[in-house]
Amino acid sequence: MKRNYRLLLAKINYHLAYFYQYRFSSMVHLLSALLWFALGMGGIAIILGNVSSIGGWTPTEIYILMLVFYLGMAVAHATYYNSLADLTRKIQDGRLDFYLLKPVSVRYWVSIDKITIPQFLRAFIVLALLVGYCIAHQVTISMFGIMLAVLYFWVGQILLYQFFLLLMLAAFWIVNAWNIPWFLDRISDAAELPIDTFDKKLRFFVLYITPMAFIAYVPTQALLNRLDPYLAFLALGLIVIFEIIISTVWKIALRQYSSASS
Amino acid sequence: MRIFRAFFRMRFLLVAEYRMAMVIWMVGGFVSTLIAAVLWLISTPASGDLIGGMTQHQLITYAWLSYLLAQLIGWYPFYDVQREIQEGLISNYIIKPLGLWARRLGEEAAHHAIAVLLQLVGFVALSFILREYLDFSADVGILIRVVPSLIFSILIIFGIQMCLGLIAFWVTDTGPLYALFWIFLSLLGGEWIPNGLLPDIVKTINSLMPFRYTFGFPLDTLLNRITMTEWYWGIGMQLFWALAVFILFKIMWAHGLKKYSAVGG
Numbered sequence: 001m002k003r004n005y006r007l008l009l010a011k012i013n014y015h016l017a018y019f020y021q022y023r024f025s026s027m028v029h030l031l032s033a034l035l036w037f038a039l040g041m042g043g044i045a046i047i048l049g050n051v052s053s054i055g056g057w058t059p060t061e062i063y064i065l066m067l068v069f070y071l072g073m074a075v076a077h078a079t080y081y082n083s084l085a086d087l088t089r090k091i092q093d094g095r096l097d098f099y100l101l102k103p104v105s106v107r108y109w110v111s112i113d114k115i116t117i118p119q120f121l122r123a124f125i126v127l128a129l130l131v132g133y134c135i136a137h138q139v140t141i142s143m144f145g146i147m148l149a150v151l152y153f154w155v156g157q158i159l160l161y162q163f164f165l166l167l168m169l170a171a172f173w174i175v176n177a178w179n180i181p182w183f184l185d186r187i188s189d190a191a192e193l194p195i196d197t198f199d200k201k202l203r204f205f206v207l208y209i210t211p212m213a214f215i216a217y218v219p220t221q222a223l224l225n226r227l228d229p230y231l232a233f234l235a236l237g238l239i240v241i242f243e244i245i246i247s248t249v250w251k252i253a254l255r256q257y258s259s260a261s262s
Numbered sequence: 001m002r003i004f005r006a007f008f009r010m011r012f013l014l015v016a017e018y019r020m021a022m023v024i025w026m027v028g029g030f031v032s033t034l035i036a037a038v039l040w041l042i043s044t045p046a047s048g049d050l051i052g053g054m055t056q057h058q059l060i061t062y063a064w065l066s067y068l069l070a071q072l073i074g075w076y077p078f079y080d081v082q083r084e085i086q087e088g089l090i091s092n093y094i095i096k097p098l099g100l101w102a103r104r105l106g107e108e109a110a111h112h113a114i115a116v117l118l119q120l121v122g123f124v125a126l127s128f129i130l131r132e133y134l135d136f137s138a139d140v141g142i143l144i145r146v147v148p149s150l151i152f153s154i155l156i157i158f159g160i161q162m163c164l165g166l167i168a169f170w171v172t173d174t175g176p177l178y179a180l181f182w183i184f185l186s187l188l189g190g191e192w193i194p195n196g197l198l199p200d201i202v203k204t205i206n207s208l209m210p211f212r213y214t215f216g217f218p219l220d221t222l223l224n225r226i227t228m229t230e231w232y233w234g235i236g237m238q239l240f241w242a243l244a245v246f247i248l249f250k251i252m253w254a255h256g257l258k259k260y261s262a263v264g265g
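Here the protein sequences line up with chains Z and L, keeping their order.
To convert, note that position 247 of the first sequence is 247 in the numbering used here; the numbers rise steadily by one, no gaps.
To convert, note that position 35 of the second sequence is 35 in the numbering used here; the numbers rise steadily by one, no gaps.
No lab work stands behind these hints, which were simulated from the structure alone.
Owing to the predicted nature of the structure, the values given are computational and were not obtained by experimental measurement.
Do not rely on the hints blindly, as some may be mistaken.
What the hints assert, rightly or not - Result set (EDC-like, lysine to aspartate or glutamate): computed pairs, CA atoms no more than 20 Å apart in a straight line: (1) Z:200 <-> L:132; (2) Z:90 <-> Z:113; (3) L:96 <-> L:84; (4) L:259 <-> L:84; (5) L:96 <-> L:80; (6) L:250 <-> L:80; (7) Z:11 <-> Z:86; (8) Z:201 <-> L:132; (9) Z:114 <-> L:173.
What the hints assert, rightly or not - Taking beta-carbon pairs under 7 Å as the criterion, some of the chain Z residues facing chain L (in silico): (10) 31; (11) 35; (12) 46; (13) 55; (14) 174; (15) 176; (16) 179; (17) 183; (18) 187; (19) 189; (20) 190; (21) 197.
Glycine residues also receive a C-beta, built at the ideal position from the N, C-alpha and C atoms.
Using the sequences and the hints, build the whole thing.
What follows is the structure, given as structure tokens:
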């Protein structure tokens with residue numbers, strides 16, 4: 001545990017040094033990420049310009065949901081998203097060999113490989129916008145609601161990480177599966193919507209098959225003091241189930257992995 | 001034309017070999033369209049009231065057709081062009097009589113020939129799932145009008161993407177410019193948000209910009225939501241923008257080659 005922590009710190013230091021070394025390029029990437037964020041918010045603003053609510057959610061609630069979603073995606077991109085997205089290439093060109101040789105958990109090492117500092121800045125900006133928006137619109141939020149939202153925000157992140165890793169493991173079997181991250185992005189579009197308005201089949205899909213409901217919907221519900229206790233417990237149960245599935249698939253995948261180079 | 005055919009054949013075989021990536025595109029687009037349909041279902045009244053001049057069923061039909069057109073029109077050679085310039089791969093081609101435009105057009109055509117076939121599978125599945133909400137009928141006249149609008153849409157998107165890719169001759173990091181293009185395309189292009197939903201002032205400005213004539217114009221033609229006069233205006237604008245981006249490409253290519261220097265080779 002201590003060694004993993006030290007490794008994480010070393011990775012962060014390395015990426016901070018990289019960020020300072022290539023600061024112009026890094027800032028350009030931050031700008032790029034903020035433009036994508038602006039696109040998402042602009043799209044929903046256009047729709048809200050034509051309708052009074054979405055699935056019974058007021059525009060204020062929808063904007064909070066969207067901001068929580070973008071915060072979640074920024075945290076994912078800052079920490080594990082780019083590392084996992086690179087797994088396909090590592091498998092294809094045989095670079096995974098170098099990770100297998102290290103005396104560390106391979107899964108941990110490939111998950112923190114590409115920490116993206118500009119995305120941390122994006123996360124701070126979105127967080128500031130979320131806080132500012134709630135204050136400006138005088139949204140009633142209790143301290144308990146904030147604590148619960150923070151807790152379930154991280155639960156959502158764990159579930160998103162697990163789901164993404166599970167998708168990326170397909171790269172062990174599929175050659176040229178470089179667009180799996182794009183696929184995740186498409187599925188995660190569902191996380192931007194109020195999931196309580198979905199019909200049964202779709203709700204099942206975003207709750208049990210893909211954990212999209214937990215990225216933004218559950219933390220937002222917690223923030224607005226209306227979290228369904230069933231979802232709160234379901235999230236914890238899903239983490240255990242996903243972990244069992246990933247551990248099994250990961251072992252099978254590594255067993256049948258044959259190096260592409262070296 | 002021979003260059004186009006040769007690269008079409010090569011890319012076709014390559015894409016057919018690694019078809020799983022295509023399946024992922026197809027399924028991802030399928031899920032995205034379903035989510036868009038859900039968005040319209042939960043945000044618009046089922047009573048038949050108009051939102052941006054469209055009923056709930058028309059909005060869902062719009063998303064359904066947009067899924068089909070996404071692979072038909074969405075020719076995006078940006079990354080390949082940019083990578084060839086940045087990594088010096090373009091050196092292999094500039095010493096041969098292979099025009100970049102024809103070569104990329106051939107490769108993209110092959111890619112989309114397979115993609116569209118796969119997309120049809122998803123389209124049929126979507127048609128079944130969304131059958132209660134679809135409001136679509138097209139006569140021969142509409143289909144005849146759609147064909148040129150689709151061809152020009154492809155040329156406009158392809159041309160803009162080629163020009164964006166060529167920016168790599170001058171700029172190391174083209175990411176933000178590309179993001180900016182996507183923002184405009186997504187908000188104004190009409191793939192996700194119908195033109196009718198845009199504020200009036202934006203609609204007016206958009207009618208002069210190329211984005212309107214990418215996804216929105218052929219979709220509106222297919223849904224018979226524009227008059228003949230608007231269609232003639234639209235086709236005229238499409239022709240103008242297709243020529244404009246082609247000329248811009250030629251100018252950028254000529255200047256870019258003078259600026260280009262490769263390492264290794």
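> Checking against the hints above, which ones are violated?
Replying inline: Nothing - there is no hint that the structure violates, so all of them hold.
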